[in-house]
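Novice: The primary structure of each chain is shown beneath.
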Amino acid sequence: MEMNQYLEVFIEESKDHLQNCNAQMLELEKNPADIKIVNEIFRSAHTLKGMSATMGYEDLASLTHNMENVLDDIRNEKLSVTTAVMDALFSAVDDLEDMIASIASGGDGKKDVSRSLSMLEAIQNGESASDAVPQTTSSIHYDEFERTVIEQSLEQGYKAYELTVSLREDCLLKAARVYMVFEVLEKIGEVVKSSPAVDQLEEENFDQQFCVTFASKEDKEFIEKSVMKVSEVDLAKAEEVNFELVENQPSQDAEEEAAVAQVVAEVPEENKEKDIQKAVSNKTIRVNIDRLDVLMNLFEELVIDRGRLEQISKELNHGELNETVERMSRISGDLQSIILTMRMVPVETVFNRFPRMIRQLARDLDKQINLDISGQDTELDRTVIDEIGDPLVHLLRNAIDHGVESPAERKNKGKTEEGTIQLRAYHSGNHVFIEIEDDGAGISKDKVLNKALSKGIVSQEQAKSMTDSQIFELIMASGFSTADTISDISGRGVGLDVVKTTIESLGGSITIHSTEGKGSVFSVQLPLTLSIISVMLVEVEEEKFAIPLSSIIETAIVKNDEILHAHNQRVIDFRGKVVPLVFLNEVFDVNKNVDEDIHSVIIVRKGEKLAGLVVDSFIGQQEVVLKSLGDYLGDVFAISGATILGDGQVALIVDCNALIQ
Amino acid sequence: MTNQENNLKVIVFQLVNKEYAVPVQNVQSIEKIMHITRVPGVPAYVRGVVNLRGVVTPIIDLRKRFSLEDGTENEHTRIIIITVDGLDVGLIVDSANDVLDLPEDSIEPQPNVVGSIETDFINGVAKIDRRLLILLQLDKVLENAA
Chain A
1 MEMNQYLEVF IEESKDHLQN CNAQMLELEK NPADIKIVNE IFRSAHTLKG
51 MSATMGYEDL ASLTHNMENV LDDIRNEKLS VTTAVMDALF SAVDDLEDMI
101 ASIASGGDGK KDVSRSLSML EAIQNGESAS DAVPQTTSSI HYDEFERTVI
151 EQSLEQGYKA YELTVSLRED CLLKAARVYM VFEVLEKIGE VVKSSPAVDQ
201 LEEENFDQQF CVTFASKEDK EFIEKSVMKV SEVDLAKAEE VNFELVENQP
251 SQDAEEEAAV AQVVAEVPEE NKEKDIQKAV SNKTIRVNID RLDVLMNLFE
301 ELVIDRGRLE QISKELNHGE LNETVERMSR ISGDLQSIIL TMRMVPVETV
351 FNRFPRMIRQ LARDLDKQIN LDISGQDTEL DRTVIDEIGD PLVHLLRNAI
401 DHGVESPAER KNKGKTEEGT IQLRAYHSGN HVFIEIEDDG AGISKDKVLN
451 KALSKGIVSQ EQAKSMTDSQ IFELIMASGF STADTISDIS GRGVGLDVVK
501 TTIESLGGSI TIHSTEGKGS VFSVQLPLTL SIISVMLVEV EEEKFAIPLS
551 SIIETAIVKN DEILHAHNQR VIDFRGKVVP LVFLNEVFDV NKNVDEDIHS
601 VIIVRKGEKL AGLVVDSFIG QQEVVLKSLG DYLGDVFAIS GATILGDGQV
651 ALIVDCNALI Q
Chain B
1 MTNQENNLKV IVFQLVNKEY AVPVQNVQSI EKIMHITRVP GVPAYVRGVV
51 NLRGVVTPII DLRKRFSLED GTENEHTRII IITVDGLDVG LIVDSANDVL
101 DLPEDSIEPQ PNVVGSIETD FINGVAKIDR RLLILLQLDK VLENAA
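Protein chains in written order, with the UniProt record's numbering: chain A, 1 to 661; chain B, 1 to 146.
Derived by calculation from the structure, the hints in this document are not laboratory data. Small disclaimer: the values here were computed from a predicted structure and weren't measured. Glycine residues also receive a C-beta, built at the ideal position from the N, C-alpha and C atoms. Incorrect hints may have been included.
[Unchecked claim] Estimated spans, in silico, between C-beta atoms of each pair:
(1) B:I33 x A:Q311: 46 to 52 Å
(2) A:G333 x B:M34: 24 to 30 Å
(3) A:T416 x B:H76: 21 to 27 Å
(4) B:Q28 x A:G517: 58 to 64 Å
(5) B:D101 x A:V287: 19 to 25 Å
(6) A:N585 x B:D105: 37 to 43 Å
(7) B:D105 x A:M344: 56 to 62 Å
(8) B:I33 x A:P346: 30 to 36 Å
(9) B:S29 x A:A556: 27 to 33 Å
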């Protein structure tokens with residue numbers, strides 16, 4: 001499967017999460033008792049685990065899983081935060097960073113993480129981390145090719161060795177030493193494999209130790225001695241590869257391969273479809289979204305000029321000029337729609353990575369799952385697309401882990417053995433909905449309630465008056481998980497909590513419908529586009545206006561007798577400056593019934609100039625989506641655009657610059 | 001459009017006591033009356049803007065546009081969203097009641113009578129049974145807004 005297009009997203013997100021981990025861990029060292037920080041690290045680690053598992057970076061996933069275990073113990077107060085614990089965590093994060101860096105530079109993200117792993121495991125087992133000795137990697141995994149090579153060399157009278165080489169801790173040029181070791185080895189035999197991989201070794205992506213599998217006719221002692229001759233090598237230890245081990249592996253792998261083959265056989269059509277899609281899909285380039293914003297801004301200015309030009313050409317009534325202006329208007333209209341749609345991306349880019357994940361998970365959990373995706377061409381703002389991936393991964397994992405039952409269980413219940421998960425996206429009104437529906441066990445209300453009660457999330461009294469959907473929503477509360485066993489996939493009660501916060505931060509919402517025994521639907525509602533600006537909403541009589549926060553300096557209350565008159569204009573003395581007042585009800589022809597003697601004033605600025613906008617009341621600060629009033633109305637005085645409020649009404653955005661002369 | 005090429009499919013709506021028709025391909029949707037946000041500083045016949053499924057759409061009061069008497073809105077009042085040259089605009093009408101196929105030969109050029117301002121916006125009239133439908137020239141209706 002083509003994963004390259006997600007790689008960059010994955011790398012960026014991973015870096016963010018790791019940075020967050022680092023920052024939070026430093027914080028944790030300062031406040032070891034703060035569980036909130038542990039939760040924060042936990043979430044980052046959890047997301048990272050999910051992402052890396054999806055992308056197929058097993059080493060990353062397993063290391064983060066171990067990190068999680070330790071963090072979980074800290075959270076449940078089974079473990080206290082000591083230096084040893086922090087060291088282990090930091091070491092793990094360092095390893096993770098190295099791996100991500102390796103992936104970013106085109107590597108495979110593999111790294112010998114045994115040291116960090118053993119440290120983490122040791123902590124979990126209640127030992128002090130300092131006792132954890134780096135384990136010698138004795139069982140390296142060989143792929144088929146490497147096995148064949150080893151087997152062939154064995155047949156030809158070579159001996160296969162696993163050679164563990166440790167460099168001195170103060171070794172400066174590790175890569176050079178590695179090179180020298182390899183050179184020695186190449187003289188006396190043939191290197192089959194190294195762990196970490198050669199390119200990792202060249203980049204010094206290892207601690208002090210690395211392991212080489214190689215075939216040679218020489219005996220163990222000779223090899224060890226030869227390698228020891230390289231300076232700064234601390235220790236070289238050769239072990240003959242256990243022939244049986246190598247022989248045993250194929251059968252195990254064969255099984256795996258058979259399973260893979262089976263899965264592959266199940267989806268040939270899908271793959272075919274993919275190939276066709278790939279052929280059709282257009283070439284793309286990545287553009288920084290900031291640049292798109294700049295482009296949009298520039299274009300808006302162009303539109304204003306266009307309006308002016310149209311006016312002039314009409315006044316002059318010059319044939320050729322008219323023609324040119326009309327032509328320009330048409331072209332700029334096209335341009336506008338292109339710019340507006342440029343930020344929109346089909347959800348397909350997110351959905352595409354799910355089939356693989358589902359297949360993998362279904363196999364891991366021994367479940368049969370059919371993923372049904374529809375509406376992948378629904379378009380969403382790029383910003384939303386970037387954010388929505390993680391939450392959906394969580395929801396899908398949940399659906400598979402907790403929703404769909406095992407084939408045997410399903411058979412007992414009279415369902416088909418294969419569970420179905422439907423992933424739908426569609427437009428509705430002002431929003432895009434993404435729904436994940438499974439035909440699994442559904443959510444047990446009693447179980448959820450009992451759990452919530454035992455965790456102290458709700459009280460008995462509250463529980464009695466809760467509606468079904470309120471109860472279902474409890475599963476998204478922090479620290480809640482109904483799964484009895486913690487699995488690799490889900491069940492720690494962080495996932496849904498993160499899902500909810502992420503979606504809400506995007507201005508969306510999530511609702512759950514479920515029938516016990518029949519299945520559940522998780523419905524995510526998202527806003528269509530996200531050209532967000534922060535505004536202050538104000539009221540003038542019944543009408544609401546939005547004033548961009550960027551031009552507001554502060555708000556004030558002014559009494560009638562504080563208003564002065566100068567040059568036919570009402571002004572106030574604001575912190576020693578004379579500030580002219582602009583009555584919005586007059587500018588916008590709002591019928592005003594009563595004249596109050598106290599005015600709410602918003603001080604706005606244009607460059608060095610100030611003005612006080614007089615309104616009736618402040619509603620509050622809000623982030624709103626900027627929308628144009630449309631071509632038809634063109635340029636309206638002192639209105640820069642419109643936005644849609646939570647109640648579906650349109651509020652106009654005040655152009656403060658136009659109000660300041 | 002239809003099997004008979006010479007037919008013109010139109011949406012018929014009512015304003016005061018006359019019936020008007022607009023080509024169906026210009027009509028995007030017909031909406032019930034909703035909250036209209038007034039926009040200051042625009043021609044009087046522009047009632048304001050509405051939130052049409054996330055798109056801010058301007059609304060024209062056709063009575064005002066045709067200089068007819070003001071009416072009150074009731075449950076029959078509709079907003080017909082039309083698209084002309086890529087512009088989406090809503091028209092407030094008294095009621096939208098029909099979709100008709102107009103045979104081409106039933107359409108006659110605009111009668112040459114002076115008397116009402118609305119003649120500027122008329123493309124022709126169609127006689128169907130005993131009904132007289134006024135075909136609107138939508139681009140004229142939208143003209144000179146800004």
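Novice: So, for every hint listed, does it hold in this structure?
Specialist: Going through the hints against the structure:
For the pair I33 of chain B and Q311 of chain A, the beta carbons lie near 33 Å from each other, so the given range of 46 to 52 Å is not met. Against the hinted window of 24 to 30 Å, the Cβ-Cβ separation of G333 of chain A and M34 of chain B comes to about 26 Å, which satisfies the hint. A hinted range of 21 to 27 Å is violated for the C-beta pair T416 of chain A and H76 of chain B, which are about 51 Å apart. Distance hint for Q28 of chain B and G517 of chain A: a CB-CB separation of about 44 Å, inconsistent with the stated range 58 to 64 Å.
Between D101 of chain B and V287 of chain A the beta carbon distance is about 48 Å. The supplied range of 19 to 25 Å is therefore violated. For N585 of chain A and D105 of chain B, the hinted distance range of 37 to 43 Å is not satisfied, since their beta carbons lie about 56 Å from each other. For the hinted restraint 56 to 62 Å between D105 of chain B and M344 of chain A, the CB-CB distance of approximately 46 Å leaves it violated. The beta-carbon spacing between I33 of chain B and P346 of chain A, approximately 35 Å, falls within the hinted interval of 30 to 36 Å.
The hinted range of 27 to 33 Å is not satisfied by S29 of chain B and A556 of chain A, whose Cβ atoms lie roughly 45 Å apart.
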